[in-house]
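**Student:** All chains should be modelled from the sequences, with the hints used to inform the complete structure.
2 protein chains.
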Amino acid sequence: MRFRIKSFKIGAGKPIVFVHKTDAKNLGIHVGNRVELSADGKRIIAVVDLVGNYFEPGEIGVSEDIARRLETKSGDSINLTFIPAPQSTRIIKKKLTCQPYAKRELNIIIKDIVNNAITEAEIAYFISGVYHCGMSEEETINLTDAIYNNGQKISWSSNKIADKHSIGGIPGNRTTPIVVSICAEAGVIMPKTSSRAITSAAGTADVIETLTRVDLSIKELKKVVKKTNACLAWGGSLGLAPADDKLIQIERLINLDPEPQLIASILAKKLAAGSKYVLIDIPYGKNAKATLSKAKRLKKKFLKIGGHFGLKIKVILTDGSQIIGNGIGPVLEMIDILKVLKREDSPKDLEDKSLKMAGVIMEMTGNAKKGQGIKKAKEILESGKAFRKFKEIIEAQGGKIKTLKPGKFSQGITSLKSGKIKEIDGRSIAHTARLAGCPSDKSAGIYIQKHIGEKISKGEIIATIYSESNHKLREAIEFFNEFNPIKF
Amino acid sequence: MRFRIKSFKIGAGKPIVFVHKTDAKNLGIHVGNRVELSADGKRIIAVVDLVGNYFEPGEIGVSEDIARRLETKSGDSINLTFIPAPQSTRIIKKKLTCQPYAKRELNIIIKDIVNNAITEAEIAYFISGVYHCGMSEEETINLTDAIYNNGQKISWSSNKIADKHSIGGIPGNRTTPIVVSICAEAGVIMPKTSSRAITSAAGTADVIETLTRVDLSIKELKKVVKKTNACLAWGGSLGLAPADDKLIQIERLINLDPEPQLIASILAKKLAAGSKYVLIDIPYGKNAKATLSKAKRLKKKFLKIGGHFGLKIKVILTDGSQIIGNGIGPVLEMIDILKVLKREDSPKDLEDKSLKMAGVIMEMTGNAKKGQGIKKAKEILESGKAFRKFKEIIEAQGGKIKTLKPGKFSQGITSLKSGKIKEIDGRSIAHTARLAGCPSDKSAGIYIQKHIGEKISKGEIIATIYSESNHKLREAIEFFNEFNPIKF
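Protein sequences appear in the order of chains A and B.
Here our numbering is used: the first residue of the first sequence is 1, the next is one more, and so on.
Here our numbering is used: the first residue of the second sequence is 1, the next is one more, and so on.
Hints should not be assumed to be uniformly reliable.
All copies of an identical chain are treated as equivalent in the list; a pair is satisfied when it fits inside any one copy or across any two copies.
[Said to hold, decoys possible] When the alpha-carbon atoms are kept at most 27 angstroms apart in a straight line, the in silico DSSO-like pairs for lysine-lysine are as follows:
| hint | residue 1 | residue 2 |
| --- | --- | --- |
| 1 | LYS391 | LYS219 |
| 2 | LYS422 | LYS286 |
| 3 | LYS21 | LYS246 |
| 4 | LYS94 | LYS286 |
| 5 | LYS400 | LYS226 |
| 6 | LYS299 | LYS93 |
| 7 | LYS246 | LYS94 |
| 8 | LYS408 | LYS25 |
| 9 | LYS93 | LYS286 |
| 10 | LYS73 | LYS21 |
In short, the hints are calculated from the structure, not lab data.
**Tutor:** This is the structure we're talking about:
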């Protein structure tokens, strides 16, 4: 049936079509039903909401993502077709009784997730089955394949495409810009895409955005890489392995992180970006997602499954016992990064980890001799060439290096006693930064003066909280004082 | 923060508040966040969508259920508060690794479901945990208790309140109006509430609605019961055990039906309606939800858990191998019911089952002597008193007995061969009726001429499909011919 569009600036996080009650009754469609909208050969699946005013029967309202995807505007004519229950609904259930999924079935499920053909509740059923029953190696391979194949792909003429991935959860673990700058300078091609924060204070994309735009199209990304050997883009706008974004969003609701899906997501994203060499960093320990034994198990699986897809893959297990660097929050983290690159008084832990990772990547791609990676990385960093490369990348993406200032409202927190720091609770640190305004207020955050093992005297400042608003600063301080994330 | 309401006639199936992008940014709220709206001491939790037009910053749009619950109108001032992650999100996860839920935890989860404080995906996680790991008897009791206690309750001065429940899945199993009329005539108090169809062709509430309104308030329901000993109301508008409705809605997405939740839902609804005597009918067999062994297991659990709550409970296992009666669809099923009550040429299977159930209930409540229940039920039905009682109930609810006609477009389907009917696939029959327009087009449906075991000749009409629209009739016929639900 054909409808006249009323464009409706609603961002609902998913495509929503508002149908007049009278039309819905005639068509026999209900709230929550899925319909296909099509115009000029473009199609999108949308969820139905009903309206009784704002427009007339014969008109439909569409949310922003629909208007964008179909390239329509108010007044255009559009076709709406009811779609029956998707195939996935019959398949998903299998895993809830620990039956394995066939390759074809995983492809159907992932396709339906990408096409928005199944609800978030159905995706939750899928995730909980995988969480509960796990997946065989073969299933994990097929899941990776399905996530990889249902989305955009970038291809490169060179074979020396490298990438890195740090498994999340460690505040301040912002090695990417440093590693990428060093490796690109050495001749490695690194089309790096990163995510924004979901539950943390900042994602790499949020941090890079303090200096330049990150929402590149694939065409723009290729242009930047051609010019500089690398890029520092946001993955969200590229459509690489888009099922992954949706799965993560539903997992985060109750903090699930099923292993097969973690592996499949990461590898699918790397494959879609066209990578051949991949370094995976698995932090383990008190503040990390993984214990040492889980990290070891994950390592084996990454090597096996990555190998199946022809990836040259290395996995390093790193210290995840505490935050890395001093600043937590987009601007504060970029300040730390710039200190390392500009050879100022830089956070040693961030610098050392970045050098190690850059070294491993350069040895993998043959841009450094075996055993000489770290040494070469150090040379590039200390010569100022890494900073020059970083500047080049930022400028190629349309930004520039500038002096960044943390939030205008700030307060130092003084230690109430003397002693040696025993523990820093990363989750509470991240939550403090979020209360201060992270990640949307880029200059909000928390600067941690000392790390575990360091001594502090009574009355000395242990951390400083920054915010764009006095109100948010108060809330962050209140939380910090109550939960006291830095323990002696 | 205070906002000016713009009432927004949107029925989204859940409370949705539309916040202007500018306000959202200032408040740090995102799509999908939960906020509490309050006005004059009334509160509701709503899900955030963002808008960029249709109104100004400082204004919010609210969906219909919000306006109704808060009793607000456009221009009113309302308070909006961000609410952090609900407690449930931390608790729900436990069951995914088969850890038991404590009583307190189940209460938190059910309260959050009722208050709309958790998403449908989170509810799906809860359901899949219960489906996968099951629940102990103690947990099932605590779940029943939580569902029962988080909602409205009806209390009665009499103790002789009886109820019945048939476990779903058998098309045409519409014994309720007949059983209620017989029992009420005998002096049993039966404040019966029923559901509407979700995936079937008709729920009892849809069938009753062909003659009268069914959306009674608790006050109206009590008035009807006082006058006639019974009622035939829709449960949905009463707020009894409302968690149940939400759980069923999410379960149906992939056809899950975890046993503990099935038991808890049914018993909680009966407890909330104030019942003391409960008859549970568990159909088993090819077309039913339960096999004989599952039906036996369920029976034991119903008796045990119902007993814990002080219910006098009986469970009968009945033949669920095929449809009951001849008509499938609201009007066609009511025509069958009226035939039984008016002593016309009635479907024998529907009549016999109704008499049996009415007999058991009257014996339970002491309104019939042991072993004399069916006999007494038969007397009441044959004397015409049951019909008179039914008429009284329908009229007390504001309706009247009238002659009903099935859909104006119809087509008989002739048998292509002669033989004895071996199987009738209830699910395909229900789907045919839905394609014809059920349950919203009340006069749509399918009339099945013969039952399993009966003979049919080539060229004889085996079924007739009715619809309000020629288009829907064609679709239903096409499906019927393709899937051929009646097998020889």
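**Student:** Evaluate each hint against the coordinates.
**Tutor:** Status of the hints after comparison with the structure:
1. For the identical chains of this complex, LYS391 and LYS219 are intra-copy neighbours only, at 21 angstroms inside a copy versus 73 angstroms across copies, given an alpha-carbon limit of 27 angstroms.
2. Proximity of LYS422 and LYS286 under a CA criterion of 27 angstroms is satisfied intra-copy only: 12 angstroms inside one chain copy versus 64 angstroms between copies.
3. When the C-alpha separation of LYS21 and LYS246 is checked against a cutoff of 27 angstroms, the pair qualifies only between copies, where the shortest distance is 22 angstroms, while the shortest distance within a copy is 30 angstroms.
4. Taking CA atoms no more than 27 angstroms apart as the test, LYS94 paired with LYS286 passes between copies only; the shortest distance there is 21 angstroms, against 35 angstroms inside one copy.
5. Taking CA atoms no more than 27 angstroms apart as the test, LYS400 paired with LYS226 passes inside one copy only; the shortest distance there is 19 angstroms, against 79 angstroms between copies.
6. When the C-alpha separation of LYS299 and LYS93 is checked against a cutoff of 27 angstroms, the pair qualifies only between copies, where the shortest distance is 26 angstroms, while the shortest distance within a copy is 30 angstroms.
7. When the C-alpha separation of LYS246 and LYS94 is checked against a cutoff of 27 angstroms, the pair qualifies both within a copy, at 21 angstroms, and between copies, at 23 angstroms.
8. Only between protomers do LYS408 and LYS25 lie at most 27 angstroms apart by alpha-carbon distance; the minimum there is 18 angstroms, versus 55 angstroms within a single protomer.
9. Taking CA atoms no more than 27 angstroms apart as the test, LYS93 paired with LYS286 passes between copies only; the shortest distance there is 21 angstroms, against 35 angstroms inside one copy.
10. In this assembly of identical chains, LYS73 and LYS21 lie within 27 angstroms of each other by CA distance both inside one copy and across copies; the values are 22 angstroms within and 20 angstroms between.
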